[in-house]
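Colleague: Residue numbers (our numbering), protein chains in the order written: chain A, 1 to 297; chain B, 1 to 245.
There's no promise every hint is true.
Stated by the list, open to error - Cross-link-like lysine-lysine pairs, in silico, DSSO-like; alpha carbons within 27 Å at most:
(1) B:K212 to A:K216
(2) B:K144 to A:K156
(3) A:K178 to A:K83
(4) A:K156 to A:K209
(5) A:K149 to B:K212
(6) A:K246 to A:K261
(7) B:K94 to A:K261
(8) A:K209 to B:K134
(9) B:K212 to A:K178
(10) B:K212 to A:K83
(11) B:K212 to B:K144
(12) A:K216 to A:K246
(13) A:K261 to B:K110
(14) A:K122 to B:K134
(15) A:K203 to A:K246
(16) B:K94 to A:K156
Bear in mind the hints are in silico, worked out from the structure with no lab data behind them.
One letter stands for each residue in the lines below.
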Amino acid sequence: MATGKVVVEKVGGRSTATSSFSKYPLKFLLPTKAAPAGTDVVWIYSITYGGGIVSGDSISCEFTIGDGCTAVITTQSSTKVYKAIGSKCSEQILEARIGSESLLVVIPDPVTCFSTARYYQKQIFRLVSDSNLVLVDWITSGRHANGEKWDFDFYKSINNVYLEDDYPLFLDTVLLEKRSNQSIAERMQDYHTIAMVILFGSKVKEIQKQVQENVKNMMSEQLQISYGGRSRRQNSESSSRNRFMKPEFIASCSSFGHEGKGVVIRIASDSTESVYNFLRQQLAVLQPLLGQAPYAC
Amino acid sequence: MEETIEEDERSESVVLLRSSCITQWSQWQLLDSILPTGGFAHSFGLEAAVQTRLVSSPEDLETHIIHLLDNTASLLLPFVYSALKSPDLETWHKLDRVLDATLTNQVSSKASVSQGSALFRIAASVFTEIPYLKTIRDASLGSKNVCFHHAPIFGLVCGLLGMDSETSQRAYLFVTLRDVVSAATRLNLVGPMGASVMQHRIAIVAETILEKWMDREAGEACQTSPLLDVVQGCHGYLFSRLFCS
Numbered sequence: 001m002a003t004g005k006v007v008v009e010k011v012g013g014r015s016t017a018t019s020s021f022s023k024y025p026l027k028f029l030l031p032t033k034a035a036p037a038g039t040d041v042v043w044i045y046s047i048t049y050g051g052g053i054v055s056g057d058s059i060s061c062e063f064t065i066g067d068g069c070t071a072v073i074t075t076q077s078s079t080k081v082y083k084a085i086g087s088k089c090s091e092q093i094l095e096a097r098i099g100s101e102s103l104l105v106v107i108p109d110p111v112t113c114f115s116t117a118r119y120y121q122k123q124i125f126r127l128v129s130d131s132n133l134v135l136v137d138w139i140t141s142g143r144h145a146n147g148e149k150w151d152f153d154f155y156k157s158i159n160n161v162y163l164e165d166d167y168p169l170f171l172d173t174v175l176l177e178k179r180s181n182q183s184i185a186e187r188m189q190d191y192h193t194i195a196m197v198i199l200f201g202s203k204v205k206e207i208q209k210q211v212q213e214n215v216k217n218m219m220s221e222q223l224q225i226s227y228g229g230r231s232r233r234q235n236s237e238s239s240s241r242n243r244f245m246k247p248e249f250i251a252s253c254s255s256f257g258h259e260g261k262g263v264v265i266r267i268a269s270d271s272t273e274s275v276y277n278f279l280r281q282q283l284a285v286l287q288p289l290l291g292q293a294p295y296a297c
Numbered sequence: 001m002e003e004t005i006e007e008d009e010r011s012e013s014v015v016l017l018r019s020s021c022i023t024q025w026s027q028w029q030l031l032d033s034i035l036p037t038g039g040f041a042h043s044f045g046l047e048a049a050v051q052t053r054l055v056s057s058p059e060d061l062e063t064h065i066i067h068l069l070d071n072t073a074s075l076l077l078p079f080v081y082s083a084l085k086s087p088d089l090e091t092w093h094k095l096d097r098v099l100d101a102t103l104t105n106q107v108s109s110k111a112s113v114s115q116g117s118a119l120f121r122i123a124a125s126v127f128t129e130i131p132y133l134k135t136i137r138d139a140s141l142g143s144k145n146v147c148f149h150h151a152p153i154f155g156l157v158c159g160l161l162g163m164d165s166e167t168s169q170r171a172y173l174f175v176t177l178r179d180v181v182s183a184a185t186r187l188n189l190v191g192p193m194g195a196s197v198m199q200h201r202i203a204i205v206a207e208t209i210l211e212k213w214m215d216r217e218a219g220e221a222c223q224t225s226p227l228l229d230v231v232q233g234c235h236g237y238l239f240s241r242l243f244c245s
């Protein structure tokens, strides 16, 4: 039984939420003034009571974005996953159907798992060949200020995108779990945020090109400075220190699907803020479609 | 009368023994580094990890390799297992398609396709005692929907060569370890002697990794080191490089 359901359809030529239902612990806010008049979009804020997910909570949402509609799903702050009670897991399931020439933009704040938390997330997107999707999925290392760093017990995030008839287009499962012989922190080294961005469809084609170009330039420059220093054999203190420093922000892009219709960007960063900045800059061009820029303060 | 029966039994068991010996020759050849599957053109993200300075000491190298093996086991062993459990054309095609959607990292996807294609080409020409290998390869060559990813082909070949399931999955980790250790020596991170010592030391860890991840279906495939994936994706941005991946 779903805890939340929203249907967006064209009514009088405009994207409109024709039905919206949610129950504890989930609540949807659909502010009509999220976007300036004239922008054809529905903004859906997904809110949980208490600002997070308690151990044992199970949230499942269904979204249907009708043909030609645009919708944004977002949050108001990071999703906190509180300490686990026993071996109970907190879970969030999302399933979205995206119609023809529709655009769904999923731009939540990151998930933050408290120490010992157990979290399972599964997001399924069903597309037709001319659907469009922007998806951001990310996680931070935890409550940094409290000295928690990748200190949760279990995190599994599944993001699967299917084209009509269950054709697998993009399948991704990340599992981070504490094991007796190895901590998650060791795997993550000094990075505190891991993010993935999916851009799919012709409506985001320009952004795809731009982001790929930007990431390539950014990383090539960084790699050349960091690694090039080695061969030049500079003995100054700064360069020798540089040589042993990992980049604070690493990103890489790949295209997927037929004719590279999709692009995925993966990011590792030592701060959440730098990922917010990156997303803000790279996704700003969506503003005309969405009425406000993603992750604008 | 009794004697002839005994003799028959004996000759039968001799034939069986002989065929199992031949099988062993084939299985060893499959794992031999001289088999030209192109594994040595790949560093499995190690070169990118070195240039981003995630790996800058011998200790880093060993940790990196262990994480890589764990990620390989959780992500790819399920495809080896599922393919060898039913080594037929339909299962393989399905696994190939699912893996193509799963390997969303362009660098590792390309590496998987080039190694898989090479392995299938060689296996079909070398192991002529299994004509089915050539049959299904020929039937799939023209198809646009078949990518020839490595892990399911490895499982398929192992299955048809009669290698048992556990050995096949261990073998997959073995060739991965072999190739990344080889890449490490060519990147000058470790000498050939040190590399062999390290490879042997890691084998003990690799066995525990195998125990954790073996015998899982393709639907359970997951990544356990997302950081490795981000870094390997940077391979294309490297200014100078020795390896394809």
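Colleague: Evaluate each hint against the coordinates.
Modeller: So, going through the hints one by one against the coordinates:
1. Among the hinted pairs, B:K212 with A:K216 is inconsistent with the structure: their alpha-carbon atoms are about 37 Å apart, more than 27 Å.
2. Using a Cα cut-off of 27 Å, the hinted pair B:K144 and A:K156 is violated, with the two alpha carbons roughly 33 Å apart.
3. Distance restraint check for A:K178 and A:K83: the Cα-Cα separation of roughly 14 Å lies within the 27 Å cut-off, and the hinted pair is therefore satisfied.
4. In summary, the hint linking A:K156 to A:K209 is not supported, as the alpha carbons are separated by about 30 Å, beyond the 27 Å threshold.
5. Restraint check for A:K149 and B:K212: satisfied, since their Cα atoms lie roughly 25 Å apart, inside the 27 Å limit.
6. For a cut-off of 27 Å, the pair hint linking A:K246 to A:K261 is broken: about 32 Å separates their Cα positions.
7. Distance restraint check for B:K94 and A:K261: the Cα-Cα separation of roughly 22 Å lies within the 27 Å cut-off, and the hinted pair is therefore satisfied.
8. For the proposed pair A:K209 and B:K134, the alpha carbon gap of about 41 Å is over 27 Å, so the pair is violated.
9. Between B:K212 and A:K178 the alpha-carbon distance is near 13 Å, which keeps this suggested pair within the 27 Å criterion.
10. Distance restraint check for B:K212 and A:K83: the Cα-Cα separation of roughly 26 Å lies within the 27 Å cut-off, and the hinted pair is therefore satisfied.
11. With a CA separation close to 35 Å, the supplied pair B:K212 and B:K144 exceeds the 27 Å bound.
12. With a C-alpha separation of about 18 Å, the suggested pair A:K216 and A:K246 falls inside the 27 Å cut-off, and the hint holds.
13. Between A:K261 and B:K110, the direct Cα distance comes to roughly 17 Å. Compliance with the 27 Å bound is thereby established for this hinted pair.
14. Among the hinted pairs, A:K122 with B:K134 is inconsistent with the structure: their alpha-carbon atoms are about 40 Å apart, more than 27 Å.
15. Distance restraint check for A:K203 and A:K246: the Cα-Cα separation of roughly 36 Å exceeds the 27 Å cut-off, and the hinted pair is therefore not satisfied.
16. Simply put, B:K94 and A:K156 have alpha-carbon atoms about 24 Å apart, close enough for the 27 Å limit, and the pair holds.
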